[in-house]
Every structure is written in structure tokens, then in C-alpha cells.
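K.L.:
Starting from the known structure of chain A, fit chain B onto it as the hints suggest.
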Amino acid sequence: MARFIFRRMLSSIPVLIGILIVTFALIHALPGDPCIAVLGERATEEICEAYMKHNGLDKPLPVQFGIYMTNILQGDLGDSLRFRRPVVEILIERLPVTIELGLAALMFAIFVGIPLGIISAYRHKSKFDLGTMIIANIGVSMPVFWLGLMLSYLFGVLLMDTPLTLPPSGRLTPGTYPEPFYLVWGWVIEGEKPAGILVFISRLNILNCILTFNGGVLVDAIRHLILPAITVGTIPLAIIARMTRSSLLEVLGEDYVRTARAKGVREFVVVIKHAGKNSLLPVVTVIGLNFGLIISGAVLTETIFGLTGVGRTLVESITSRDYTLVQGFTVIIAMGFVLINMIVDILYGILDPRIRLS
Amino acid sequence: MLALSPLQSEDQIQLQDNRSSNLWVQATKNILRYPSAVIGLIIITVLLLIAVAAPLIATHDPILSMIGVPGETGRLPGKVPCLPLFGCEDAIHLMGLDLNGRDLFSRVIYGTRSSLFVGFVSISLAIAAGTILGVTAGYVGGKVDNIIMRIMDVVLAFPALLLAISIVTILGPGLLNALIGISITFIPQYARLSRASVLSIKEREFIVAQHALGARPMRIVFNHVLPNSITPIIVQGTLGIGTAILDAAALSFLGLGAQPPMPEWGQILSESRNYLFTSPHLVFFPGIAIMITVLGFNLFGDGMRDALDPRLNRN
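Listed in order, the protein sequences are those of chains A and B.
Using the working numbering, the letters of the first sequence correspond one by one to residues 1 to 358.
Using the working numbering, the letters of the second sequence correspond one by one to residues 1001 to 1315.
Next up, chain A with everything else stripped away, as it sits in the complex:
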């Protein structure tokens, strides 16, 4: 097992290097002079030269790439041109928003999608099956941003004065302030600069509220998270439901399932225990593959629901030409993607011994 994990980790190194090359090339492929892009049209030649020298842009490309790689390995993604602050700092503040959204979306997709798929397979060719598959087909065909807009109109406007109403934007009701857990616990004194990891955890609103026993804000945070999570989670949900159904159907046709039935095992146990376990493999892969969809969905959903997460910041930085931030965020997202794929592969190996032995 350890060998399998080690081999899998080794094989992602070339991809990681490739990602660094691509993001490095991204900045150098940008049209126009980087100096003009940063300092503006009025920058004189001397200023430009000084700027290039200061940032090491006058060195040969391979040297620049070496510096770039060393910096990244040391956790330095440069300073954002727009915010005039280290990119890492901005990432620490905003990544939790996206992680919270992504996890909530994934939970929604898994906990609704898998049962739907199981029931559809169990009642193959029933009305329930047909209905689920029609909805799943529509679900994968919907533009994420449109679904978000429609949901916020439905729950924010049409259901405004009913108990079902949900806030159509933001993370918390304006004026609510979740006190960071490190202040409540007295780990950091007010006014002192907390460590990055503490800020990161405290920005995960729901976790922070649980850590500080702040029930009121917790409910508020969850209520704000429902619509964005449904928006991001709908396409993964549809895919997971379809995959669970077809994979379970395939397994239910196997001989050992017939044997189990013939033995007189209860149908529920056959479906969940005998068939369920073996049909899980493709579902795990699909869940892993959905990470990309969730990131893409988050970019659009954060824009719609006014959440200051990684996706929205990235898009805004592109329009405001904040290239260091774009580069830094892209590297981190792509690396996260590779990491998740690796974890999925390893999980796959744990679930199916044939894979890790081959």
C-alpha cells in the first residue's frame, strides 16, 4: 500500500512542474510590456529599467523561472498589484470562503445524489427512476450562473415574506460579526497580528461559529450558504446520481448478487451491502472529477452571490490586470486539483486491491 501511494505521488511531480511552467509562461505570454502593465502608460524608460531590474525581469528566462520556482516552494507568491499586499495573505483570507462553499456543495451533491441514484436503480424503470433521470438530465444542462440567478430570485423575491425565504447574497447579514475563535479563546490579544493558519480557520465561518458556540451567527451563515451551495452542487449532484444508478444497475446484474438473493438475503441488504460496495468505485472517481466542476461553478457562483472567494477574486483580478494574483491563485488551484486527483486515485487503490497491485 505504501509503495502504491509513493508511486502515485511521484507520478504527479511532472504534472506539478508542468503547471508551474504553464503559469510562468502565462505571465510571459501576456501582450504588452509588463512594466507598462504595472506602472501605467506614463512610466519613463529609466523607471521601467529600474522596475525590471528590481523584479529580476532583466535576467534570462530560465533564471527567472528558477527564481519563480524557488519563491513558490518557499510559499511566496509575490505581491498583488491591485491590493499591494502579499498574494498569500489574500489567499488565506479568501480561500476559506471557496472551501466552505465547495464542501457544502459537495455534501449536497453526495447526500442527495447517491440516495437518488440508489433508489432509481432499485426501482429501475419505475416512474421515480424516469423522473430522477429527467431531472438529472436537465440538471447537467443548466448554466450554473443562470440557476444561481433563478434561485436567488425565487427565494429572495418571490418567497420574500414566507418562512422559506433565503438571503440572495453575501456570507452573513450585514452588521453580523463572527468573533474569530482565537480572540474568544484568548490565543491572540486584540490588535496583535494572528498567524496565517488561525486566520484561515477563523474565516471558515461555520467552523468558527461552532468553535465559539455562536449559535445565532451559525444559523445566519448556514442560511446564506444554502443557495450558493445548491447552485454549485446541482451539476455534480446530477452526475453523481446518474453514475450511482448506472454503476449499481451493472453490479445488480452480476452472478453473486443473484446468489445472494437466492440465499434469501433481504433485498435492502443485497442492494446496500453486496452491490453497493462494489458499485462505489466509479462513484468515487466521479466525485473526485467533480472538483473541477466545483471550482468552475464557484467562480460563477461567487460572482452572483457576492461572495469574496477565490473564484470571484480571480475573475476580478483578470479584469483589473492583477497578473501576480492571477498567477498565484491559478497555481494554487491547479495544485489543489492535482492533489485531489491523487487522493482519489489512492482511495481507488484502497477500495479496489486490483488497481494497486497492477
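None of these hints come from the bench; they were simulated from the model.
Please read all numbers here as calculations on a predicted model, not as lab measurements.
The beta-carbon is built from N, C-alpha and C at its ideal position, and this holds for glycine as well.
Worth double-checking, as some hints may not be accurate.
Unchecked claim - Interface residues of chain B toward chain A, partial, derived using beta-carbon atoms under 10 angstroms: (1) 1150; (2) 1166; (3) 1249; (4) 1254; (5) 1261; (6) 1265; (7) 1270; (8) 1273; (9) 1277; (10) 1287; (11) 1292.
What the hints assert, rightly or not - Example chain B residues on the side facing chain A (calculated, C-beta under 7 angstroms, incomplete): (12) 1157; (13) 1170; (14) 1173; (15) 1276; (16) 1294; (17) 1295; (18) 1298.
Unchecked claim - What follows is a set of in silico ranges between Cβ atoms, one per label pair, in the way DEER data are often shown: (19) 1067/B / 57/A: 48 to 58 angstroms; (20) 1129/B / 281/A: 27 to 37 angstroms; (21) 1063/B / 213/A: 55 to 65 angstroms; (22) 1150/B / 281/A: 22 to 32 angstroms; (23) 84/A / 1218/B: 48 to 58 angstroms.
P.N.:
Only chain B this time, still in chain A's reference frame:
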């Protein structure tokens, strides 16, 4: 006696032709047995007709503002749908007017063109590039294979929309650049597919026989390898068109794809999203249009996959 008489060989050719046309007929029949494929095919056909006949179907000029046009009354920007059926006596606007007073129905109808265009062209480009790369990798093997496929791995390491956004950032916003960006994100899929088919076919007897007969690699690839690996690519391509249309709409929504005043669904949504609470119809209709289009391609692709997959047919 090895040589065939002319008569015999003609007979054989005849036989072969019949057989191959039968296979196509068979495949079509198979596809048409799947209701989802039929529904998908109908949707796609109708959309193609709409795209071709857009000037005939559209009631107004998609870029012309109705402000100052005779016969138009009331507050025009963001006007709600107006139908005689509901006792509306003004000029007819099936889906209302957008914020610039342009007829939304006509804009949505014309939008079919750009969406189908982006879908078909970006996927065709991706298939062309992906197949060339995949076939080269699979056929040549060794180092070439390794390099090509590692590059594909890197491309796949980026979430598709994010990569498309980055590419459009470099190329500059616009529908054509969005098309290129989307197309690049799809290349690895087709490269992997075609490489896999080549690998599975490469060692088969009829290819070895071609080698023995002295056929050149290009000829083998184009006449024998590709035709045998085309089915999965077509199926994947059909499903890809739907995704490409969604991506294009997303890019336009973010302001990176089609630029105003071009009637494009994502662009219409992007223009009107800030007015969602006052004029929801502006957001509703283009979204429905995108959904139906993507649904059409997805249904057809799914049906085709079920119909053309011999493993499923056997069951």
C-alpha cells in the same frame, strides 16, 4: 489460383458496399430506437433551423432599440413580455424588451447562431487537434507518446473554465478567442480517446497485414485506424458540444466572450443580471435557451452512446 477474375472482384466490392451501408443503416436504426436520442435529435434539428432562418423568425432587428420607433408606447427599457393574448394592445414583444429597449425574442433567436457556432467549431477544432496528437502518440509510441500525453496531463490539471479564462486573458476578450480557449481545454479528452483506440487497434491482424503489404503509415492511420476509432470520438464530441456551449455562455457572462451588442445568450444574461429583481424575464429566457440547447446535445450524445456501444447492445 490467386488472382480474381474481374467479375468476381466487382461482386466482392458490391458486397462490401452493401455491407458498409447496412452498417450505417443499422447504426441509425439503433440510435432511433432510443427515445432520448430522438428527442435530442429533434431539439438539435429545430435549433439548426432556427439558426439558419433567424432573420425570418425574429420579429425585430436584434440590435435595434425600440426607443423612438413608431407604435411603441410606455416605458420601454426592461418592458415585460407583451402579448395580445393577455390583453396587450401595444406592439408585440414575445419576451419583452431588454434594458436598451431591444426586442429580447429576436436577440434570443439570433443568439442561437453564436452558441451553435461556438459549440460546433470549438469541438471540431478540439477533435482535429486531439485526434492528430492522440494518433501520433499512440502510433509512434515511445518518447513522443510520453511527451504528448504528459502535456495533455498538464492541460487536464487545470479546471476547464479556469484554463479557458486564462487563455482568453492572454488572447483578449471576444467570441473567437473564447472559442479558441474552450477548444484547447477539450483537446486532451480526444487525444486520450484516439490514443486508446489506436493502441487497441495497432496490433490487430488487419493492420499488421497492411504493414506487410507495404502500406505507408499515413495511409494505415487514415484508412484503417481512424475509421475504427471514430465512434467513441463522435459520441464524446456530441456531449462535448453541450459543455462547450455552457462554457462559452459562462465566459460571455464574465465579460470575456461575446461583446455587446452581439446577441449571445451568456452576454444577454451578463447585461441583465443586475436587474434580476426588477426584470427577471431578461434573465429567464436566455437561460432557458441555453438549457434546451445543451439538453438536446446531451440527450443525443447519451442516446448515441447507448446505441453504438456494442457491450450494451448485447445485454
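K.L.:
Against each hint, give a clear statement of whether it holds in the structure.
P.N.:
So, going through the hints one by one against the coordinates:
no., hint, result
1, 1150, "holds (6 angstroms)"
2, 1166, "holds (6 angstroms)"
3, 1249, "holds (5 angstroms)"
4, 1254, "holds (6 angstroms)"
5, 1261, "violated (20 angstroms)"
6, 1265, "holds (8 angstroms)"
7, 1270, "holds (9 angstroms)"
8, 1273, "holds (6 angstroms)"
9, 1277, "holds (6 angstroms)"
10, 1287, "holds (3 angstroms)"
11, 1292, "holds (8 angstroms)"
12, 1157, "holds (5 angstroms)"
13, 1170, "holds (5 angstroms)"
14, 1173, "violated (9 angstroms)"
15, 1276, "holds (5 angstroms)"
16, 1294, "holds (4 angstroms)"
17, 1295, "holds (4 angstroms)"
18, 1298, "holds (6 angstroms)"
19, 1067/B / 57/A: 48 to 58 angstroms, "holds (50 angstroms)"
20, 1129/B / 281/A: 27 to 37 angstroms, "holds (32 angstroms)"
21, 1063/B / 213/A: 55 to 65 angstroms, "holds (58 angstroms)"
22, 1150/B / 281/A: 22 to 32 angstroms, "holds (26 angstroms)"
23, 84/A / 1218/B: 48 to 58 angstroms, "holds (57 angstroms)"
Comparing the model with each earlier hint shows violations of hints 5, 14; every other hint is respected.
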